[in-house]
Every structure is written in C-alpha cells, then in structure tokens.
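Undergrad: Based on the sequences and whatever the hints tell you, model everything.
Just so you know, UniProt numbering puts 121 at position 121 of the sequence shown, and the rest follows in order with no gaps.
Treat the hints with care, since some could be wrong.
Unchecked claim - For lysine-lysine, the following PhoX-like pairs were computed, each having C-alpha atoms within a straight-line distance of at most 20 Å:
hint	residue 1	residue 2
1	Lys80	Lys52
2	Lys100	Lys32
3	Lys70	Lys83
4	Lys52	Lys100
5	Lys83	Lys32
Unchecked claim - DEER-style ranges, computed between Cβ atoms:
hint	residue 1	residue 2	range
6	Leu157	Val84	22 to 28 Å
7	Glu92	Glu115	17 to 23 Å
8	Tyr160	Glu114	48 to 54 Å
9	Ser37	Gln146	30 to 36 Å
10	Tyr160	Lys83	43 to 49 Å
11	Leu157	Asn61	44 to 50 Å
12	Val125	Pro33	42 to 48 Å
13	Glu115	Gly155	21 to 27 Å
14	Ser102	Gln145	29 to 35 Å
15	Phe148	Asp55	16 to 22 Å
16	Gly91	Arg127	28 to 34 Å
Everything labelled a hint here was simulated from the structure, so no lab data went into it. All residues carry an ideal CB built from backbone N, CA and C; glycine is no exception.
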Amino acid sequence: MHIVLLEPEIPQNAGNIARTCAVTNSTLHLIKPLGFSVEDKYLKRAGLDYWKLLDIRYYENWEDFVSKNKDAKLFMATTKAKKVYTEVEYGENDYLVFGKESAGIPEEILLNYEETSVRIPMLDVARSLNLSNSVAIMLYEALRQQNFSGLLKEGQLHRYKW
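TA: Right, here's the structure in full:
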C-alpha cells in the first residue's frame with residue numbers, strides 16, 4: 001500500500017503515520033511544502049526507531065507526484081466524499097491520499113477523483129478526525145481486505161506460553 005500526505009503540517013502526525021507505514025510495509029509519499037523539517041525532533045520521536053524500515057519518497061508539489069506515479073489508483077480521503085471508505089475495494093498497490101490538517105485535499109484536485117473519494121463516517125458537528133488516526137483507519141481496512149497479506153497475524157508472549 002501507499003500512503004500519500006499532501007502538504008502535511010504537523011510533525012507528530014507525520015511521525016505517527018511514518019511508524020504505521022513502517023510496520024505495515026507501506027510506502028510513505030510526502031508532497032511539499034511540508035509544515036516541518038524532516039529533521040524535526042517531534043517527527044523523529046513520533047516515528048521512534050522505525051525510520052530505517054520506512055520507504056519514504058518526496059515530491060515538490062502535486063503535479064510532481066502525479067507525473068511520477070502515472071498509473072497509480074488514488075483514493076482520496078475527504079469529508080466531502082459520497083462514499084464511505086469501507087464501500088470500495090482496495091488493491092495491494094493502491095494509494096490512499098490525505099490532505100493537510102488545516103484544509104484537507106483542495107477541491108480542485110478532488111474534482112478529478114469523484115469515484116475514488118471516500119470518507120470516514122462521523123458526526124456532522126465535527127470537522128474531521130486526526131490525520132494519523134484517519135490514515136490508520138483507512139490503511140487497516142485496505143489491509144484487512146487483502147487478509148493482511150505479508151503481515152504477522154499471530155503474536156507470542158515473551159516470558160510465558162498461551
């Protein structure tokens with residue numbers, strides 16, 4: 001799977017998302033401008049020691065991302081979508097796209113993705129969920145649909161046996 005963050009603003013969110021990508025073997029795509037430095041201590045702390053496990057790619061802007069990922073199937077996470085994220089089928093190489101925390105994905109971009117725009121249900125009195133929570137919710141639904149292929153589905157106790 002691929003996680004795309006369009007102009008993320010908060011380093012802690014990006015760090016948490018990076019950690020989620022690392023443990024699920026998902027590629028993280030960061031589209032500039034970023035609201036933080038990739039050397040930011042909050043970004044690094046949130047990602048813990050998972051950075052070495054991460055496949056991360058950077059892009060100068062939306063056009064740069066699209067030109068380098070021409071055949072990508074993009075699912076746009078937006079509160080403006082008509083479909084719920086559980087109502088679509090995800091493939092193992094699909095891209096889940098998330099906008100910046102303060103504004104989401106620009107409507108000018110969304111217009112091109114009506115059929116693959118999806119939302120997470122919530123009350124109408126709230127603007128949106130936290131970005132890193134939204135990524136985790138949608139990514140794990142996509143992975144569930146693929147039977148968590150390649151991921152460890154059974155754990156073990158360290159000092160005892162079940």
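Undergrad: Against each hint, give a clear statement of whether it holds in the structure.
TA: Each hint, compared with the structure:
1. Lys80 - Lys52: violated, 35 Å
2. Lys100 - Lys32: holds, 10 Å
3. Lys70 - Lys83: violated, 24 Å
4. Lys52 - Lys100: Roughly 25 Å between the alpha carbons, so the hint for lysine 52 and lysine 100 is violated.
5. Lys83 - Lys32: violated, 28 Å
6. Leu157 - Val84: 22 to 28 Å: violated, 37 Å
7. Glu92 - Glu115: 17 to 23 Å: With a Cβ separation near 20 Å, glutamate 92 and glutamate 115 satisfy 17 to 23 Å, so the hint holds.
8. Tyr160 - Glu114: 48 to 54 Å: holds, 52 Å
9. Ser37 - Gln146: 30 to 36 Å: holds, 34 Å
10. Tyr160 - Lys83: 43 to 49 Å: holds, 45 Å
11. Leu157 - Asn61: 44 to 50 Å: holds, 48 Å
12. Val125 - Pro33: 42 to 48 Å: Given range 42 to 48 Å: violated, Cβ gap about 31 Å.
13. Glu115 - Gly155: 21 to 27 Å: violated, 38 Å
14. Ser102 - Gln145: 29 to 35 Å: Given a distance of about 30 Å, which is inside 29 to 35 Å, the answer is holds.
15. Phe148 - Asp55: 16 to 22 Å: Holds: the Cβ-Cβ distance is about 19 Å, inside 16 to 22 Å.
16. Gly91 - Arg127: 28 to 34 Å: Since glycine 91 and arginine 127 have Cβ atoms about 30 Å apart, the given range 28 to 34 Å holds.
Checked against the numbered hints given earlier, this structure breaks hints 1, 3, 4, 5, 6, 12, 13; the rest are met.
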